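Asker: Next come the chains, spelled out residue by residue.
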Amino acid sequence: MAAVVKQAFVWMSFVAVMASFNQNRDSELTFLLPAGAAECFFQTAQRNGTLEVEYQVIAGAGMDVDFSIFSPQGFQLISEFRRSDGVHMLESTEYGDYRICFDNSFSRFSEKMVFFEIILESAANDDGPNDEWAGLADPENLLEYKLEDIRESIDSVHRQLERSRQMQTVLRAFEARDRNLLEDNLWRVSFWSCACLVVMVMVAITQVYTVRRLFDDRRRVRS
Amino acid sequence: MTVVASCVGVLLLFAWFTPSKALYFHIGETEKKCFIEEIPDETMVIGKYRTQLWDKQTGSFLPATPGLGMHVEIKDPDTKVILSRQYGSDGRFTFTSHTPGEHQICLHSNSTKMALFAGGKLRVHLDIQVGEHTNNYPEIAAKDKLTELQLRVRQLLDQVEQIQKEQNYQRYREERFRMTSESTNQRVLWWSIAQTVILIITAIWQMRHLKSFFEAKKLV
Numbered sequence: 001m002a003a004v005v006k007q008a009f010v011w012m013s014f015v016a017v018m019a020s021f022n023q024n025r026d027s028e029l030t031f032l033l034p035a036g037a038a039e040c041f042f043q044t045a046q047r048n049g050t051l052e053v054e055y056q057v058i059a060g061a062g063m064d065v066d067f068s069i070f071s072p073q074g075f076q077l078i079s080e081f082r083r084s085d086g087v088h089m090l091e092s093t094e095y096g097d098y099r100i101c102f103d104n105s106f107s108r109f110s111e112k113m114v115f116f117e118i119i120l121e122s123a124a125n126d127d128g129p130n131d132e133w134a135g136l137a138d139p140e141n142l143l144e145y146k147l148e149d150i151r152e153s154i155d156s157v158h159r160q161l162e163r164s165r166q167m168q169t170v171l172r173a174f175e176a177r178d179r180n181l182l183e184d185n186l187w188r189v190s191f192w193s194c195a196c197l198v199v200m201v202m203v204a205i206t207q208v209y210t211v212r213r214l215f216d217d218r219r220r221v222r223s
Numbered sequence: 001m002t003v004v005a006s007c008v009g010v011l012l013l014f015a016w017f018t019p020s021k022a023l024y025f026h027i028g029e030t031e032k033k034c035f036i037e038e039i040p041d042e043t044m045v046i047g048k049y050r051t052q053l054w055d056k057q058t059g060s061f062l063p064a065t066p067g068l069g070m071h072v073e074i075k076d077p078d079t080k081v082i083l084s085r086q087y088g089s090d091g092r093f094t095f096t097s098h099t100p101g102e103h104q105i106c107l108h109s110n111s112t113k114m115a116l117f118a119g120g121k122l123r124v125h126l127d128i129q130v131g132e133h134t135n136n137y138p139e140i141a142a143k144d145k146l147t148e149l150q151l152r153v154r155q156l157l158d159q160v161e162q163i164q165k166e167q168n169y170q171r172y173r174e175e176r177f178r179m180t181s182e183s184t185n186q187r188v189l190w191w192s193i194a195q196t197v198i199l200i201i202t203a204i205w206q207m208r209h210l211k212s213f214f215e216a217k218k219l220v
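Here the protein sequences come in this chain order: D and G.
Okay, so the first sequence: first residue is 1 according to full-length UniProt numbering, each after it adds one.
Okay, so the second sequence: first residue is 1 according to full-length UniProt numbering, each after it adds one.
Treat each hint with caution, since some may be false.
To be verified - Which chain G residues face chain D? A few, computed with CB under 8 Å, are given here:
(1) Ala22
(2) Ile36
(3) Glu38
(4) Asp127
(5) Leu156
(6) Ile163
(7) Arg173
(8) Arg187
(9) Val188
(10) Ile198
(11) Gln206
To be verified - Distance condition first, Cα-Cα at most 30 Å in a straight line; then the derived DSSO-like pairs of lysine-lysine:
(12) Lys80/G with Lys165/G
(13) Lys32/G with Lys121/G
(14) Lys48/G with Lys75/G
(15) Lys121/G with Lys56/G
(16) Lys145/G with Lys146/D
(17) Lys146/D with Lys143/G
Source of the hints: derived by calculation from the structure; they are not laboratory data.
The structure displayed is predicted, hence computed values, not measured ones.
Glycine included, each C-beta is placed from N, C-alpha and C at the ideal position.
Using the sequences and the hints given, assemble the complete structure.
Answerer: In structure tokens:
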């Protein structure tokens, strides 16, 4: 009896871990894509849901990358070449793993830092915390129907705040991109200024030396 | 009783095997994959991963053998290692940032036997949660004895706090950005002036030197 209860408890804890894993609906990642390489990420989507993918190249020489999305059957749904950012909203008509690929093979030397965000929405309205926390604590039964309204408005606020957070992430990526670009510029300005100076001075010395050499040889030839 | 328990167990077993909704990718044997998280300070980050290995017999991905693990290395914005640990085939790592900036999370497998990867690649499901997404609300409810409504309001408060933190961090970033921008502007200006001055000095030197040279050689 105790063994059965213990076993059930073990399985329940496994499910709890998996359930906590399954709740994720939005993912964002920033990663380094080496020169001449391609990276693919897979995301499972439900039928009749929407998949929104937003990406930006935030560092790298050309600041662009090839982007493509493949359906679970392998059909190419979206294909973009050498874009620095993009937003795509897809209707996931079939259940399966959608493949999101970033390709940097056109670039031989520069590695790119790419930020992307995937927002999933299922057709059945986001249950949100509703089902997760049902039965957590004693509901106030007397005010129950008014409670529903409060609950709905809290839910709506929660969704809006999530959306603002996502917008913030997007803006942060834009800022990171501008910052990286500027820092590259600073380095480039310093480097090429030094190089220019060195070249100028070398040219001046070479010119003077060459002219002197010319006259020295002629002197020798004449005498 | 045992029949019921075993039925429940079997059902739960299927729940275990249902595909997770998290993002996944393939990783080679010696390949190291790094992800960058730009976060404000005092922010908690929880990363969960799950690995699967390609099984040639069944022709599908099955949970990896217990011997196969992943090495997780996390560096802070000053490239100092704050976490470097080996985890099993399924793992969960946590860290809290003490300085704002870009933290780097790197994963690579610890497999040394090439035979294990005969199928090719390892599938890694990764889920990284930042800030208030790391809060375990049922636990908070139990600890502070909150009703459902109070818990929801608490969640809203946490969300707003995280947004505020991000905004403060953005303000600090924008200030540094502005300083770099002004410094670049200054440098461009000073370098241009310096280059013009050196060019003029070099030209004058050249002409004077050649003039004295020609005079010495009695050509002028």
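Asker: Each hint needs a verdict: does it hold in this structure or not?
Answerer: Hints and how they fare:
1. Ala22: The hint holds - Ala22/G has a Cβ within 8 Å of chain D, the shortest such distance being about 5 Å.
2. Ile36: With a closest approach of 4 Å, the Ile36/G hint holds.
3. Glu38: holds (6 Å)
4. Asp127: holds (5 Å)
5. Leu156: holds (6 Å)
6. Ile163: OK, holds: Ile163/G within 8 Å of chain D, min 6 Å.
7. Arg173: holds (6 Å)
8. Arg187: holds (6 Å)
9. Val188: holds (6 Å)
10. Ile198: holds (6 Å)
11. Gln206: holds (6 Å)
12. Lys80/G with Lys165/G: holds (23 Å)
13. Lys32/G with Lys121/G: holds (13 Å)
14. Lys48/G with Lys75/G: Holds - the C-alpha atoms of Lys75/G and Lys48/G are around 17 Å apart, at most 30 Å.
15. Lys121/G with Lys56/G: holds (12 Å)
16. Lys145/G with Lys146/D: Given that 30 Å is the threshold and the Cα spacing comes to 22 Å, the pair holds.
17. Lys146/D with Lys143/G: holds (27 Å)
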